[in-house]
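Residue numbers (my numbering), protein chains in the order written: chain A, 1 to 547; chain B, 1 to 233.
Calculated from the structure, these hints are not laboratory results.
There could be a bad hint or two in this list.
What the hints assert, rightly or not - DMTMM-like, lysine to aspartate or glutamate: derived pairs with alpha carbons at most 25 Å apart: (1) A:Lys-311 to B:Asp-205; (2) A:Lys-311 to B:Asp-203; (3) A:Lys-311 to B:Asp-115; (4) A:Lys-311 to B:Asp-185; (5) A:Lys-311 to A:Glu-239; (6) A:Lys-186 to A:Asp-518.
What the hints assert, rightly or not - If you want the ones that stay clear, here's a sample from chain B, every Cβ over 10 Å from chain A, calculated: (7) Thr-4; (8) Ala-78; (9) Ala-101; (10) Thr-119; (11) Ala-137; (12) Ala-153; (13) Ala-169; (14) Gly-181; (15) Phe-182; (16) Glu-188; (17) Glu-191; (18) Phe-192; (19) Ala-210; (20) Ala-211.
We put the CB at the ideal spot given by N, CA and C, even for glycine.
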Amino acid sequence: MSATAPVARPPRPRTPGGLVGTLASTDHKVVGAGIFVTAFGFFLAAGVLALLMRSELAQPGLQVVSEEGYNQLFTIHGSTMFYLFATPIALAAGIYLVPLQIGAARVAWPRLALAGWWLTIMGGLSMWSGFLTQQGAADVGWYAYPPLSDMPNSPTIGTDYWIFGVILAAVAGMLLAASVLATIVKLRAPGMTMLRLPVFAWTQVVSCLMVLTAFPALIVAMALLFAQRQLGGVLTTPEGPIAYQHLFWFFGHPVVYVVFFPFLGAVAEAIATFSGRRWFGYRPFVISLLLFAALSMSVWGHHMFTTEAVKNTYFSLTSTALLVPAGIEYFDALATMWRGRIRLRVPMLFALGFLVLFLIGGTTGIWIGSPALDYHDTDSYFIVAHFHYTLFGGSVMGLFTAIYLWWPKVTGTMLRERLGRWHFWLTMVGMNLTFFPMFFLGEQGMARRVADYPRSAGWTTLNTLSTIGSGVIALSLLVFLLNVAVSLTRRVPAGPDPWGGHSLEWATSSPPPPHNFDALPPVRSFAPLLDRREAEQDRGDARGAVA
Amino acid sequence: MTDTRREFDQVAGLYLPIGVAVVVVIVALVVVMALRYRVRDGEQEPGDDGPGGRRRPSRIADAPRAEALYAAVLVCIAALLVWRTFSTEAREDHPRAAATATIDVTAARWHWRFDYRGTGVTQLGGDRTPPTLVVPAAQPVRFTLVSIDVIHAFWIPARRFKRDANPGASSSFELIFPTTGFWRDGGECSEFCGLRHAQMRFDVDVRTPAAYAAWLRQRRAAAGAVGAAGAAG
């Protein structure tokens, strides 16, 4: 049978080995994995900062850090999570997987992608080096509103290092997005039309589009802030700070979808694979992604409801409208499971956890899209709870879905099922224990970004519960790291396709060779391997009928 | 009159049941689907469903009509929520009542100052004690809000309301405090403003209109006495 077409094999490049070889590689798999590991390191580091914050908040009074220290902790925690972890890791997944999913041998512009890795590292070093200075790291919050972030109010050099770090990371994000998007536009395999892109690749398309439209606003905001700090006269009151908020949130809202969609894509791939079913409603799903991305560029003002500087009703309308594309995505996920053959393996567990936890983040997001409700809840712990349900419950659960799903492909070995289940259930318990009490704390009047709260407020029990939860999350991550160590030392070979995957990356060896594919199956839909499996089933049925 | 807490409760009264229902229904569907269509351990390998063998997964991959109908339902829900929000927003942004008192609020790192307009009365905290915002009950109170340094936010959780205090640009709004009472730390800054952000609080003291008027007279007399003493000295 002629199910495979030969693919031209490019000459294997001669590259030096070791660290230099890795840092100079233009193999998208090396670059992608490198960014992934770097970003995951930042995730763990920012998690340590979160544990310090939760320790401080466990009881009223200041026990663990000073107020100065606490302000640095939440600033670097949030900044690291967004700029150095979530954005790079979401795009790193694209750098690694997109060429494999679309049947390409490389990414377009691999040196841009490589530069993206370097700049991410440099941005991280710059941001974190503030801790080594006498006055400490930046302490102005991850969105650094002027005039608080202006020189007279925050004269520390750490804040300048932070601005450099953010600019470097933002440029890195744009380079990575350009590379991924160009790969999808230019390098698709024969037969792979845009409407045959795997679901994950589509989520990368929308994320990259948002990066390329939103991140320039961040770079401009940071440049203006730097100029204001050094020269003055740029972001002068009263209009300057409001203009900065517009620029910042024009980036700051889309970025939460940038770091959400690729993991939604991973969840979709996992649900389809472990249900043994084609992803349901592919076209409506793609349309909803594009609608979601378009709307998300016009909702930034909901971060500014209490400023009186935006038309609240307009931004309330666009924000509430987000429930339509989000609802379509849930419909497709549930319809894919319907009448499937569901295998509750670890990637599927994390995918289901994502559906449940993100749902809470999403519905509370609609809640605060209403100004009357937001007037109370904004800048309170309710917001902290809400966005951790979207970013931890959504993005991080989706990230672990992706890790468990594609780990065998990337490393060639399996992660352990039992440790994975422990990881999953500890994450579910820890996540809810940490963040659910925060909804009540916010409703009861606890503001965010406070190192201390009065004992008389009656918030001690909920805060203690939350702190215990953060310990459970830390434990879950230790279980995950143990799983990684076991998987890498006692290797259980994965084979090319351990799960019964649907898209092209499962048609090559694990890990893939430098040129990715020796041969490609024909691409007649967004799930070419499922097509082949179903065709074999049908032939088997026909033979059975004849016999 | 704009009772911000009542507005909050009314909007929440629509949003909360819908939100809880959505979460409950979808979580239930996720769990039911996962258990109903689960295959057991013995049949977990992907390639094991041969001819005439175990149950095959459905191959239906879209349902455009059902999905369009569902999307229409979503649009209706969004429209309902937006309608409720808009009707509240109109009332909160355009208060019609005539305020009986106007209090000029000044936010500064890390203190609040309340000036009772036209009376010369000012409420300030001490080094370790927050100031007390004294207001009459059941009467609309107009506030103007400004910051003299960085951005702060004036939040009274019991009123379910906050507003940013911007430097150089005054903002105004009306609140009504239906019941008398004293709330320790009843107001706070909720926009991060630097080192002592967590300590930037005030007490809220809601008095009957008569008690409020008496308090104001007493404070005016005291302020006048101080002013006279200052003039004499």
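#### Entry: Given as non-interface: Phe-182 (chain B), which should sit over 10 Å from chain A by C-beta
holds (12 Å)
#### Entry: Nearest-CB test (10 Å) between chain A and Ala-78 (chain B)
Violated, because the least Cβ-Cβ distance between Ala-78 (chain B) and chain A comes to about 5 Å, which does not exceed 10 Å.
### Holds or violated: Lys-311 (chain A) to Glu-239 (chain A), with C-alpha atoms at most 25 Å apart
Distance ~16 Å between Lys-311 (chain A) and Glu-239 (chain A) Cα, so the pair holds.
#### Entry: Separation of Thr-4 (chain B) from chain A, once the least beta-carbon distance is taken, above 10 Å
The claim breaks: Thr-4 (chain B) does not keep its Cβ more than 10 Å from every Cβ of chain A (closest is about 7 Å).
### Assertion that Ala-153 (chain B) lies outside the chain A interface [Cβ separation over 10 Å]
Nearest chain A Cβ is 6 Å from Ala-153 (chain B), so the label is violated.
#### Entry: Hinted pair Lys-311 (chain A) and Asp-185 (chain B), Cα distance within 25 Å
violated (31 Å)
### Query
Are all beta-carbon distances from Ala-137 (chain B) to chain A longer than 10 Å?
Non-interface label on Ala-137 (chain B) holds, nearest chain A Cβ at 20 Å vs cutoff 10 Å.
### Message
According to the definition I'm using, a residue is off the interface if its beta carbon is farther than 10 Å from all beta carbons of the partner; does Thr-119 (chain B) meet that for chain A?
### Response
holds (26 Å)
### Query
Since Glu-191 (chain B) was said not to touch the interface, does its Cβ keep a gap of more than 10 Å from each Cβ of chain A?
violated (6 Å)
### Task
Taking the shortest Cβ-to-Cβ distance between Ala-101 (chain B) and chain A, state whether it exceeds 10 Å.
Holds, because the least Cβ-Cβ distance between Ala-101 (chain B) and chain A comes to about 21 Å, which exceeds 10 Å.
### Holds or violated: Lys-186 (chain A) to Asp-518 (chain A), with C-alpha atoms at most 25 Å apart
holds (20 Å)
#### Entry: Lys-311 (chain A) paired with Asp-115 (chain B) [C-alpha distance capped at 25 Å]
Judged against 25 Å, a Cα distance of about 30 Å means the pair is violated.
Consistency note: the structure conflicts with the earlier hints numbered 1, 2, 3, 4, 7, 8, 12, 13, 16, 17 and 18.
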